[in-house]
Amino acid sequence: MSGFLLRRAFSSVIVIFCVISITFVLARITKGGPFDREKEPPAHIKEVLLTRYKLNGTLWEQYTAYAGSLLCFDLGLSTRYRDWRVSELLRQKLPASFALGTLAFLIATTVGVMLGTLAAMRKDTWLDRAAMSGALLCISIPSFISGPFLIAVAALWLGWLPAGGWGTAQQMILPALCLAAPYIAYIARLMRNSLLDVMKSDFLRAARAKGLSETQVVVKHAAKVAILPVVTFLGPLAAHLLTGSMIVESVFNISGAGMVFVNSIQNRDVFLLGGAVIVYCVLLVLFNLLVDVIYTLLDKRIQLHA
Amino acid sequence: MAAPGGWQILRRNHTAMAALWFLVGLSLIVIVVPVLLPEALKTTSSASFAPPSARHLLGTDVNGQDMLFRVLAGARVSLGVGLAGALISLVIGTFYGMVSGYAGGRVDAFMMRTIEVLQSVPRILFIMILIAALDDHVKEWIDGWRLAAQQHDSQRIAAGMSGLKACSKVLVMVVSLGLVEWTAMARIVRGQVLVLREMTFVTASKAMGQGSWGVLRRHLLPNLGTIILTCLTLTIPAVILDESVLSFLGLGIEDPAASWGSLLKDGAQVINPLESKWWLLVFPALLMSASLLALNFLGDGLRDLFDPKDKG
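Quick note, the sequences are listed as chains X and W, same order.
151 is the number that our numbering gives to position 151 of the first sequence; each next residue is one higher, with no gaps.
With the second sequence counted from 1, adding 306 to any position gets you our numbering.
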């Protein structure tokens, strides 16, 4: 196990390093620098600014300067929001995104697993068909359609919940639902198909033979095995929820990390962009690692050796 | 491998067939109707935010442009980008997957590790960065060609280049989407090639002196047809979604061109409790959801057809 963790940690560092390098190079070969405005600043001022942020010289010099500061766990300064460190900006914006993502994650997993189990247990009934058609519908409706729709119905028409903003519990419900909807559907489909596969196995016949009710068979024995593909999906899901949130954030007017990312591309804010990419990458890698570990705990047959 | 009478089996899946006819019909409408609409509807007018009426069936937008025309033109762009992006990812993915699966051993291991690295990159973020990085370079490049063509007095090429410049953003988007979306396809193709290459007909053709490329092209590629088709059907909605997300965030298709994403962005911006301009949101949303639903139904139907194990 510890050997596995070590090797994975090593390869994760390489992955993150590659991603950062590609991001930095792409951001710097993009036309238009971070200090280009509609009114072009005088050349010598631009030069001073670029020097201050270590963005002059050849691409290689800029890159090594950035990589060097990253090695000292320094994400650098934002070129757009003067006097702000990237780490300060992220610390301010990330909590909202994390809260939203976590809430959506919990909704997606619990509702998805329950819906999928129910559909599998009532296979080929109206319930199954309704749940699966609903799931496909949820997958096909992107969050920037369901978002305004939810706002129009729940906030403007019925007046139950606030239309936007962030902070109170009521304000979290709509965006979390909107963010979770497609993933509820993915998980429900995965869970249903995998449960149907598992239901055919021999050990369930044994469970039925000893007199357990069908519900007990499913909940106590089958679901434990059937949930494995869902667990695999959770790693990428966690990352999707954190990256996909930029749409939901923009629809519900939440000041989170998603918009920081979009703006940093438009403002050519290299270091802020790099910082956001690092956060997303680290999260993705961590969640994937976590999923692998959980996998072995759930299924004792799986041995970890990377 | 084409299941005998695959078409007949698909025809029995009513939902998938309905989805297929819907898509065929939509494509025809999207291609034909915008041409037939009167020219007056295609330009801006003073009737801004007019609700649906006999003259403007779906109302007008902020610039007084007819929404029917906008929605159909947007559908053309969205579906086109989806198809083109999916095709690019199909070519890359198929080629990559075939080489990886057929080569096997270390080459395969290396190519699969590379895919894992690419898949651990947040996709939509990378598309954004790629588009930002490529866009201006491509514009400049096209301009360079146009100037060169003008100097050599070839009006046709110069005109073509300025036309190309107008849609350079779409071009860049299609390429970026294609460059990012191919990894899932490559994995599936590779898995299939691993199975196929152990089959006797491959051994036989190798024994008869067929080279690696020949085996790949003549024997493996035809057998991958159905799986590639299924992947393509499921990649198109994914690409359409990505495109609309970008356009919705203002990083994709820009005025005067339209796509479903950019139309929805314009619609979402004017939502307010006092005065609802519902037609700006409802029509693009309906058409987009219906199209994505049809594509997903069709893809699911195809997958069930060719992979009975995964029947859901």
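None of these hints come from the bench; they were simulated from the model.
There's no promise every hint is true.
Stated by the list, open to error - If you want the footprint, here are the derived chain W segments under chain X, 3+ residues with CB under 8 Å:
id	segment
1	536 to 550
2	557 to 564
3	569 to 575
4	583 to 596
Built from N, CA and C at the ideal position, the CB exists for glycine as well.
To see whether the hints hold, each was checked on the structure:
Counting residues of the segment 536 to 550 of chain W whose beta carbon lies closer than 8 Å to any beta carbon of chain X gives 3, which reaches the threshold of three, so the coverage claim holds. Residue count for the segment 557 to 564 of chain W with a Cβ under 8 Å from a Cβ of chain X: 1. That is fewer than the three needed, and the coverage hint is violated. With a cut-off of 8 Å between beta carbons, the segment 569 to 575 of chain W has 4 residues touching chain X; three or more are needed, and the interface restraint holds. As drawn, the segment 583 to 596 of chain W meets chain X at 5 residues by the rule of a beta-carbon pair under 8 Å; at three or more, the given contact holds.
Hint 2 from the earlier list is the only one contradicted by this structure; the remaining hints agree with it.
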